[in-house]
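K.L.:
Assemble chain B onto chain A, guided by the hints.
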Amino acid sequence: MQFIKDRFNYLFGSTKGLILVAIAMIGIVTATWGMLSGPMAEMGVREVVIKLLGMEIVQSEREGRIIILYHSIAMAVIAIETYMITGLLKMKEFFKTAINAIITVGYILTMIFGMGFAYFGHNWAFHGIYIFGLSLIFLAGVMLIIALWPWSKEYYVTDNQYAHTKKGVDLERVAFFTTAVTTVLSSLFGAVPGSYYGHGFETFLAENVIRYPEKTVMEYSVIGHLHIMLALIGIMLTLIIGRWLNFKGAWHKAAMPLMILGCIVLNLGVWGVVTTLEPVAHMVIYVGATPSMLAALFLLIWDWNKLIKDGTAHLAKPTILQKLGALVHDPLKFGPTWQMLFMNFTTSGIGIFMAIKLDEIFRVWPAREERIELTGHWHALSAIIATIILLYYGDMLGLKGKIRQLYGWSILILSDIALAAVTIFEMKRLFITEAEQQPLVNGLMYAIDFGLGMLLVLLATVMVWRLIDLFKPKGRWTEEAAQYLSQEVMK
Amino acid sequence: MRRLFLNLGLLAVLLASCQAVDLNAPIPTFETGIDPNTWAQVPAGEFYFGQHEDIESTDAYEIMVTDVTVSQYADFLNAALADGTVKMDGEKIVSFYPGDEYNGTKHEEKIEAGDWLFIPLDEPSQRIKFDGTTFSSQEGYANHPMTSVTWFGAWGYCKYYDARLPTEIEWEKAARGTDERPFPWGDEILRENANFYSSRDPFEDMSSFGSRTTPVGFYNGQNYDGYQTIDSASPYGLYDMAGNVWQWTGDVYEGMHYRFMRGGSKDTYDMDLRVWVRNNATPTYFSPGVGFRCVR
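Residue numbers (my numbering), protein chains in the order written: chain A, 1 to 491; chain B, 1001 to 1296.
Chain B with its partners taken away, still in its complex shape:
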């Protein structure tokens, strides 16, 4: 009898593991009051860069206060498709990229001039919808960060608005300011600071779809139907510089085709939310946990 119970228990776990995930499960809607069209000023000067606090410096620049939202990206696609900057290739949005210098380094792959994937429309977790003429955001996701976007798609968006992706140095300065803090808001991390793995925010259900993105600027000290957040802006007033989605950065390094991401995401443990932590992937990679913001 005991063996039967054990086998049934194991079977139950296995069946639970195989259940389908509803990627379009209802999502709470909250207005954060943070305008994704605002930009923050970062002054020129030195700051502590990296885990070992090397001194680096930047010129002055402006950076978006939030990640680019689904709504903003839909607007971009509508404009860019109309003027021919991007085009449809089946279920894919593609556009021209001038290519990278190839050095033949071990594991390096050629990124040649040509059309490259911006976003896939047939990706089940894609929050941009296309009705044949117009792009729009999936209901409930308009103010969420744009995800399932490749590095090319992020690069193309910023370029379209005369901006660019931040370098890793610019990104880190914007997140950290000029002191030695490991997180944009300070030294310690609590669940109410950011959206990370199992942070128990109202958008998460670890028993089914797991972690989902939170609206941009969600962690601003506001109370959302009883869920109290902590204001977790960076020293320059940026939101979501830790958690929610990894953010593509713009550096193209010699001998590497990989592009780097910063900030950790809804799917990573808090250790990956430290400002110096790097992640990277091929520029064609896209995921529901990767987004971006621009600088100018």
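Just chain A, with the same shape it has in the complex:
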């Protein structure tokens, strides 16, 4: 009994244990449900999985199923970010415990009962529990806002290396607070239409209605919701990575006000989509995205500069190659900001290009082509977010030496191969006709499948290792149970 109790306390009572559980849950869902689409469907694996697991697949419910699948994975990601925040930032112990407990119950209920409802027959009690799970996550979000309140004097900072007001209000904490507040508010933009399902509001995927000139307020609300939630997950992760790396100095002072401003304006723009401001909402969104991305760029500059300085500190006059070597020496430190930069090639850059050339190029193609670009766009962003989390998790694990290099570089190279191939796939119509595309599509598919497949194998290896470790009386888990993220912030 003590055996189980100790493991349970680690898995559900420590930050690292909670993150491990959430990553494992996401890994299981991704690996299992990934077999229902893409190359697995063509190879006939989908039918085997459906039969083996006893799934009930009704054709007309595909869109609804996918929405629940996305939410199940997203809630686990939000839980991971929340664990990181409660682990990294100062807050009352009561809040740390309560928030972690509530969001854990919330995402697990959401995931198990949501997926149970969506794929294994429509037990409406399951749907009720799924909604209850989402509500718990919302409650945890509200509690996080209270816990983060930056105007409590106990959280004031005096260290001049960190952005703060004259009075001492920690601007980084304000940025966390702003992102948390806007995340909770933006979740309502999904919750309100959600509450109208069955009362005149019908399930749809945003990428399928993109060209319709008239959309209902509820449809705009859902479209706004999905965009802003992913953006906010990205912004929050940038702040988390900044805290983990101990972002500070002039770049920090410049970045934090931009982060706060960008987050607020971006949200106002997205919320404006459901109001009479809709015609100018996109312009507001661009205005808001610019300072947010600029703040992320400042983090990147600071991080790379630091990595180079620290790595060449023992050299009097380091050469460019030595500087480059220092920059890429530790993939887990270099990786998160590199992925943020790489995102500009796979996601932001493509998005801007599409916006500029929309009517001239992309709207000349059939809607299904545009759907490929849109879904590829946010799948790539989601994948980048996942890899950044995994890079941070690798550092949390305390990986060292060759294993650290192998783990870090595998994530970076495999994911970037896959995402580069996805980007070319999205844009292929720019340089190849439909009739001639198959060899190129095959090559790109091999790259995507290889990259993502091997990434999942890597993740599975780590999870098996952690599972074996749990059976050891003095395994790594015993150390992790007593470790705090705030104590592991870079010096």
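These are calculated hints, taken from the structure and not from any lab test.
Some hints here could point you the wrong way.
[To be verified] Quick list of simulated restraints, FRET-style, between CB atoms:
| hint | chain 1 | residue 1 | chain 2 | residue 2 | range |
| --- | --- | --- | --- | --- | --- |
| 1 | A | Glu-47 | B | Asn-1223 | 18 to 24 Å |
| 2 | B | Asn-1223 | A | Tyr-212 | 17 to 23 Å |
| 3 | B | Glu-1053 | A | Phe-12 | 15 to 21 Å |
| 4 | B | Lys-1129 | A | Ile-50 | 41 to 47 Å |
| 5 | A | Ile-57 | B | Thr-1167 | 29 to 35 Å |
| 6 | A | Ala-125 | B | Lys-1159 | 55 to 61 Å |
Even for Gly, the Cβ is constructed at its ideal location relative to N, Cα and C.
P.N.:
Using the frame of chain A, we list chain B on its own:
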């Protein structure tokens, strides 16, 4: 050494990706026994429309049992060129379209009265051939659906024979009948039901040219040299209402210049073959995966 193998492997994949596709690769020829000149009767009345099964109704109409074939379109061009309905503009066949009402909606583009592209003759995947005097179908493609045809080209064909393109409602009723089925033949889809992406029909080679069209009415339960199909007619006896080629529909919606297509194609996953799935493109768009049929 390991690195060398990895690099060579990547190079091989890249080179394989760059190989040229033979768009005129030999194609099997099969007679399906389905006459593309036949029309099916669809009675007036209500039916379930769309994914969420709204109730809609239509008047009675007739619809072609198959997509318009390459052979039929070649015949049309020969007749229409002779009587001046269509004309050559370089390597393009064009004809007059009276234009659409323009509302100035965001992203809407003007479709003005004038000559518009019916089909391009210089498109590499065009299956209509022109020898300077006569249009004909490329060998092996006579009974395949007419593709690489714009919405104007589909509209013009139907108009020429006193018919028209189906509205989306008419198209869906013809595909679905009066029950709630997601596919024209029923609730589930198998590879032998229709021509879709990687459905492994005798016309497909995913290692080179990918998916190609199948002859109209191919999925009629017949066995083609060992390839057994399932009879996949719709409740009104229509073939290829799911897969093979997207089908242009006739609706012109206010505030949009896009034209809608239905049915999915040889290039799409099975989810796009569900009867309510919509696709759209500008009316000048053409592709080897888009065809049409008419109603009257």
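K.L.:
Determine for every hint whether it applies to the structure shown.
P.N.:
Checked hints:
no., hint, in the structure
1, Glu-47/A / Asn-1223/B: 18 to 24 Å, "holds (23 Å)"
2, Asn-1223/B / Tyr-212/A: 17 to 23 Å, "violated (43 Å)"
3, Glu-1053/B / Phe-12/A: 15 to 21 Å, "violated (44 Å)"
4, Lys-1129/B / Ile-50/A: 41 to 47 Å, "holds (45 Å)"
5, Ile-57/A / Thr-1167/B: 29 to 35 Å, "holds (30 Å)"
6, Ala-125/A / Lys-1159/B: 55 to 61 Å, "holds (56 Å)"
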